[in-house]
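Colleague: Sequence:
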Amino acid sequence: MAHTKLPLAVWFRAMHAMSSTKQGISAVELGRRLGVSYPTAWYLHKRLRHAMTERESRYVVGGPGTDGSAPVVEADDVYLGGERNQGSGPAGKTRVIAAAERHPRGRMGRVAMQVVSGFTAAAVRAFCDARLAPAAHVHTDGLRAFNAFGGAGRSHQRTITANKRPSRERTSAFFVLNTAIANLSTAIKATHKAISAKHTPDYLGAFCWTTNRRRDMVGMVPALCRAIATSTSLTRRNVFATDTVPIG
8 MAHTKLPLAV WFRAMHAMSS TKQGISAVEL GRRLGVSYPT AWYLHKRLRH AMTERESRYV
68 VGGPGTDGSA PVVEADDVYL GGERNQGSGP AGKTRVIAAA ERHPRGRMGR VAMQVVSGFT
128 AAAVRAFCDA RLAPAAHVHT DGLRAFNAFG GAGRSHQRTI TANKRPSRER TSAFFVLNTA
188 IANLSTAIKA THKAISAKHT PDYLGAFCWT TNRRRDMVGM VPALCRAIAT STSLTRRNVF
248 ATDTVPIG
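Numbering-wise (my numbering), the sequence shown opens with residue 8 and increments by one.
Take these hints with a grain of salt, some might be off.
[To be verified] Ranges between beta-carbon positions, derived for each pair:
1) Leu150 - Ser76: 23 to 31 Å
2) Asp74 - Arg165: 36 to 44 Å
3) Thr166 - Leu15: 45 to 53 Å
Hints listed in this document are in silico derivations from the structure and should not be mistaken for laboratory results.
Beta carbons: idealized from backbone N, C-alpha and C, even for Gly.
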(Lines of atoms letter the chains of each structure in order from A and count residues from 1; the text may use other names and numbers.)
(Lines give C-alpha, C1' and ligand atoms only; values in the text may rest on other atoms or scores of the structure.)
Protein backbone atom coordinates (compact mmCIF):
# COMPACT_ATOMS: atom_id res chain seq x y z
CA MET A 1 0.00 0.00 0.00
CA ALA A 2 2.98 2.31 0.41
CA HIS A 3 3.09 3.18 -3.31
CA THR A 4 -0.61 2.88 -4.08
CA LYS A 5 -2.31 5.43 -6.30
CA LEU A 6 -5.73 4.51 -4.95
CA PRO A 7 -7.28 6.57 -2.15
CA LEU A 8 -7.01 4.89 1.24
CA ALA A 9 -10.79 5.05 1.52
CA VAL A 10 -11.03 2.65 -1.43
CA TRP A 11 -8.66 0.23 0.30
CA PHE A 12 -10.66 0.35 3.54
CA ARG A 13 -13.94 -0.21 1.71
CA ALA A 14 -12.38 -3.17 -0.10
CA MET A 15 -11.14 -4.61 3.21
CA HIS A 16 -14.61 -4.32 4.72
CA ALA A 17 -16.27 -5.90 1.69
CA MET A 18 -13.89 -8.87 1.64
CA SER A 19 -13.99 -9.58 5.37
CA SER A 20 -17.61 -8.94 6.34
CA THR A 21 -19.38 -11.87 4.66
CA LYS A 22 -19.09 -15.63 4.98
CA GLN A 23 -19.17 -16.21 1.24
CA GLY A 24 -16.73 -13.47 0.31
CA ILE A 25 -17.10 -11.29 -2.77
CA SER A 26 -15.99 -11.61 -6.38
CA ALA A 27 -13.69 -9.11 -8.08
CA VAL A 28 -16.55 -8.14 -10.41
CA GLU A 29 -18.85 -7.29 -7.50
CA LEU A 30 -16.02 -5.56 -5.65
CA GLY A 31 -15.45 -3.32 -8.67
CA ARG A 32 -19.15 -2.44 -8.81
CA ARG A 33 -19.24 -1.47 -5.15
CA LEU A 34 -16.06 0.57 -5.30
CA GLY A 35 -16.70 2.16 -8.69
CA VAL A 36 -13.36 1.02 -10.13
CA SER A 37 -12.40 -0.91 -13.26
CA TYR A 38 -12.23 -4.70 -13.26
CA PRO A 39 -8.40 -4.82 -13.48
CA THR A 40 -8.17 -2.51 -10.47
CA ALA A 41 -10.77 -4.54 -8.56
CA TRP A 42 -8.95 -7.78 -9.41
CA TYR A 43 -5.65 -6.32 -8.18
CA LEU A 44 -7.26 -5.22 -4.89
CA HIS A 45 -8.91 -8.63 -4.53
CA LYS A 46 -5.65 -10.48 -5.15
CA ARG A 47 -3.61 -8.14 -2.95
CA LEU A 48 -5.92 -8.63 0.03
CA ARG A 49 -6.16 -12.41 -0.48
CA HIS A 50 -2.38 -12.54 -0.61
CA ALA A 51 -2.10 -10.62 2.68
CA MET A 52 -4.67 -12.88 4.36
CA THR A 53 -2.83 -15.99 3.18
CA GLU A 54 0.58 -14.82 4.37
CA ARG A 55 -0.80 -13.84 7.76
CA GLU A 56 -2.65 -17.14 8.13
CA SER A 57 0.51 -19.12 7.36
CA ARG A 58 1.97 -17.89 10.65
CA TYR A 59 -0.51 -19.89 12.70
CA VAL A 60 -0.90 -23.59 13.45
CA VAL A 61 -3.85 -25.75 14.45
CA GLY A 62 -4.02 -28.25 17.28
CA GLY A 63 -2.27 -26.23 19.96
CA PRO A 64 -3.53 -25.99 23.55
CA GLY A 65 -6.22 -23.44 24.35
CA THR A 66 -6.29 -20.90 27.15
CA ASP A 67 -7.55 -23.58 29.54
CA GLY A 68 -4.63 -25.88 28.69
CA SER A 69 -6.72 -28.45 26.82
CA ALA A 70 -5.87 -29.24 23.20
CA PRO A 71 -8.51 -29.86 20.51
CA VAL A 72 -8.58 -32.86 18.21
CA VAL A 73 -7.49 -31.98 14.67
CA GLU A 74 -9.66 -33.61 12.01
CA ALA A 75 -7.84 -33.87 8.66
CA ASP A 76 -8.78 -35.18 5.22
CA ASP A 77 -7.99 -35.03 1.52
CA VAL A 78 -10.06 -32.69 -0.64
CA TYR A 79 -10.40 -32.27 -4.40
CA LEU A 80 -11.35 -28.86 -5.81
CA GLY A 81 -12.27 -28.03 -9.39
CA GLY A 82 -12.45 -30.15 -12.50
CA GLU A 83 -15.43 -30.96 -14.66
CA ARG A 84 -18.58 -32.06 -12.86
CA ASN A 85 -18.94 -35.21 -14.96
CA GLN A 86 -15.56 -36.48 -13.82
CA GLY A 87 -16.91 -37.44 -10.39
CA SER A 88 -14.78 -37.24 -7.29
CA GLY A 89 -11.58 -38.54 -8.89
CA PRO A 90 -8.39 -36.53 -9.39
CA ALA A 91 -8.69 -35.67 -13.11
CA GLY A 92 -8.51 -31.91 -13.59
CA LYS A 93 -8.78 -31.22 -9.88
CA THR A 94 -6.62 -29.39 -7.35
CA ARG A 95 -5.55 -31.49 -4.37
CA VAL A 96 -5.87 -29.98 -0.91
CA ILE A 97 -5.15 -31.18 2.62
CA ALA A 98 -7.70 -29.69 5.01
CA ALA A 99 -7.69 -29.69 8.81
CA ALA A 100 -10.07 -28.33 11.43
CA GLU A 101 -9.92 -28.21 15.22
CA ARG A 102 -12.69 -30.00 17.09
CA HIS A 103 -13.06 -28.74 20.64
CA PRO A 104 -15.04 -30.44 23.42
CA ARG A 105 -18.80 -30.46 22.75
CA GLY A 106 -18.09 -30.35 19.03
CA ARG A 107 -17.21 -26.68 18.65
CA MET A 108 -15.15 -25.81 15.57
CA GLY A 109 -11.87 -24.03 16.21
CA ARG A 110 -9.25 -22.95 13.69
CA VAL A 111 -9.05 -24.39 10.18
CA ALA A 112 -6.07 -24.81 7.85
CA MET A 113 -5.98 -25.78 4.17
CA GLN A 114 -3.03 -26.23 1.84
CA VAL A 115 -2.68 -27.14 -1.84
CA VAL A 116 -0.46 -30.19 -2.42
CA SER A 117 0.88 -31.89 -5.53
CA GLY A 118 -0.43 -35.25 -4.35
CA PHE A 119 -1.60 -37.12 -1.28
CA THR A 120 1.77 -38.60 -0.37
CA ALA A 121 3.59 -39.08 2.92
CA ALA A 122 6.01 -36.30 1.97
CA ALA A 123 3.14 -33.88 1.33
CA VAL A 124 1.53 -34.80 4.65
CA ARG A 125 4.79 -34.26 6.53
CA ALA A 126 5.23 -30.85 4.87
CA PHE A 127 1.69 -29.92 5.90
CA CYS A 128 2.39 -31.05 9.46
CA ASP A 129 5.58 -29.00 9.67
CA ALA A 130 3.86 -25.88 8.35
CA ARG A 131 0.39 -26.00 9.87
CA LEU A 132 0.19 -28.36 12.88
CA ALA A 133 1.21 -27.73 16.47
CA PRO A 134 4.07 -30.01 17.61
CA ALA A 135 1.91 -32.01 20.04
CA ALA A 136 -1.30 -32.06 18.00
CA HIS A 137 -3.65 -35.05 18.15
CA VAL A 138 -4.78 -35.78 14.59
CA HIS A 139 -7.82 -37.81 13.53
CA THR A 140 -8.01 -39.01 9.90
CA ASP A 141 -9.57 -41.69 7.75
CA GLY A 142 -7.63 -44.71 6.51
CA LEU A 143 -5.69 -43.12 3.64
CA ARG A 144 -2.23 -44.72 3.79
CA ALA A 145 -0.30 -41.46 3.37
CA PHE A 146 -2.02 -40.10 6.48
CA ASN A 147 0.13 -42.38 8.64
CA ALA A 148 2.68 -39.57 8.31
CA PHE A 149 0.52 -37.44 10.62
CA GLY A 150 1.94 -39.46 13.50
CA GLY A 151 5.40 -38.92 14.93
CA ALA A 152 7.45 -35.83 15.82
CA GLY A 153 5.48 -35.50 19.04
CA ARG A 154 2.06 -35.75 17.37
CA SER A 155 -0.45 -38.55 17.97
CA HIS A 156 -2.56 -40.01 15.19
CA GLN A 157 -5.92 -41.78 15.28
CA ARG A 158 -7.42 -43.50 12.21
CA THR A 159 -11.07 -44.23 11.57
CA ILE A 160 -11.99 -46.33 8.54
CA THR A 161 -15.12 -44.82 7.02
CA ALA A 162 -17.35 -47.11 4.97
CA ASN A 163 -19.19 -44.25 3.27
CA LYS A 164 -17.56 -41.17 1.75
CA ARG A 165 -20.82 -39.21 2.05
CA PRO A 166 -20.47 -36.91 5.10
CA SER A 167 -22.77 -37.67 8.02
CA ARG A 168 -25.13 -34.93 9.22
CA GLU A 169 -24.85 -36.07 12.84
CA ARG A 170 -22.91 -33.58 14.97
CA THR A 171 -21.35 -36.42 16.95
CA SER A 172 -20.13 -38.28 13.86
CA ALA A 173 -16.48 -38.58 12.90
CA PHE A 174 -15.18 -35.61 10.89
CA PHE A 175 -18.40 -33.60 11.28
CA VAL A 176 -16.49 -30.39 12.04
CA LEU A 177 -14.07 -30.81 9.14
CA ASN A 178 -16.86 -31.72 6.72
CA THR A 179 -18.70 -28.58 7.81
CA ALA A 180 -15.64 -26.45 7.03
CA ILE A 181 -15.22 -28.10 3.62
CA ALA A 182 -18.92 -27.62 2.84
CA ASN A 183 -18.66 -23.95 3.82
CA LEU A 184 -15.68 -23.55 1.47
CA SER A 185 -17.54 -25.20 -1.40
CA THR A 186 -20.62 -23.06 -0.81
CA ALA A 187 -18.56 -19.87 -0.64
CA ILE A 188 -16.77 -20.60 -3.92
CA LYS A 189 -19.85 -21.70 -5.85
CA ALA A 190 -21.97 -18.79 -4.60
CA THR A 191 -19.36 -16.15 -5.40
CA HIS A 192 -17.29 -17.25 -8.40
CA LYS A 193 -18.09 -18.82 -11.76
CA ALA A 194 -14.54 -20.18 -11.82
CA ILE A 195 -11.27 -19.74 -9.97
CA SER A 196 -7.75 -20.12 -11.28
CA ALA A 197 -5.67 -23.09 -10.18
CA LYS A 198 -2.77 -20.65 -9.93
CA HIS A 199 -4.62 -18.58 -7.33
CA THR A 200 -6.35 -21.39 -5.42
CA PRO A 201 -3.86 -21.14 -2.51
CA ASP A 202 -4.89 -17.51 -1.98
CA TYR A 203 -8.59 -18.34 -2.10
CA LEU A 204 -8.01 -21.03 0.52
CA GLY A 205 -5.92 -18.65 2.62
CA ALA A 206 -8.61 -15.97 2.51
CA PHE A 207 -11.29 -18.50 3.46
CA CYS A 208 -9.26 -19.75 6.42
CA TRP A 209 -8.42 -16.19 7.50
CA THR A 210 -12.06 -15.10 7.64
CA THR A 211 -13.24 -18.40 9.16
CA ASN A 212 -10.66 -18.22 11.94
CA ARG A 213 -11.74 -14.67 12.83
CA ARG A 214 -15.48 -15.23 12.54
CA ARG A 215 -16.05 -14.56 16.25
CA ASP A 216 -14.50 -11.07 16.08
CA MET A 217 -16.28 -9.27 13.27
CA VAL A 218 -15.47 -5.86 14.75
CA GLY A 219 -11.77 -6.61 14.58
CA MET A 220 -11.77 -7.86 10.98
CA VAL A 221 -10.76 -4.64 9.22
CA PRO A 222 -8.04 -3.68 11.75
CA ALA A 223 -6.66 -7.23 11.49
CA LEU A 224 -6.63 -7.02 7.70
CA CYS A 225 -4.88 -3.64 7.90
CA ARG A 226 -2.12 -5.26 9.95
CA ALA A 227 -1.93 -8.18 7.54
CA ILE A 228 -1.50 -6.07 4.43
CA ALA A 229 0.92 -3.68 6.15
CA THR A 230 3.28 -6.57 6.90
CA SER A 231 2.79 -8.69 3.77
CA THR A 232 5.19 -8.95 0.85
CA SER A 233 4.53 -6.68 -2.10
CA LEU A 234 2.83 -7.67 -5.35
CA THR A 235 2.92 -5.93 -8.72
CA ARG A 236 0.03 -5.88 -11.15
CA ARG A 237 2.15 -7.83 -13.65
CA ASN A 238 2.39 -10.97 -11.51
CA VAL A 239 -1.16 -11.22 -10.19
CA PHE A 240 -3.02 -12.33 -13.32
CA ALA A 241 -3.64 -16.05 -13.83
CA THR A 242 -3.67 -18.07 -17.03
CA ASP A 243 -5.46 -21.34 -16.28
CA THR A 244 -9.04 -21.06 -15.05
CA VAL A 245 -10.93 -24.13 -13.90
CA PRO A 246 -14.58 -24.46 -12.86
CA ILE A 247 -15.27 -25.43 -9.27
CA GLY A 248 -17.78 -28.24 -8.96
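Colleague: Now tell me if each hint is right for this structure.
Modeller: Hints, one by one, checked against the model:
1. Leu150 - Ser76: 23 to 31 Å: Check passed, 27 Å falls within 23 to 31 Å.
2. Asp74 - Arg165: 36 to 44 Å: 27 Å, violated
3. Thr166 - Leu15: 45 to 53 Å: Since the Cβ atoms of Thr166 and Leu15 sit about 50 Å apart, the hinted range of 45 to 53 Å holds.
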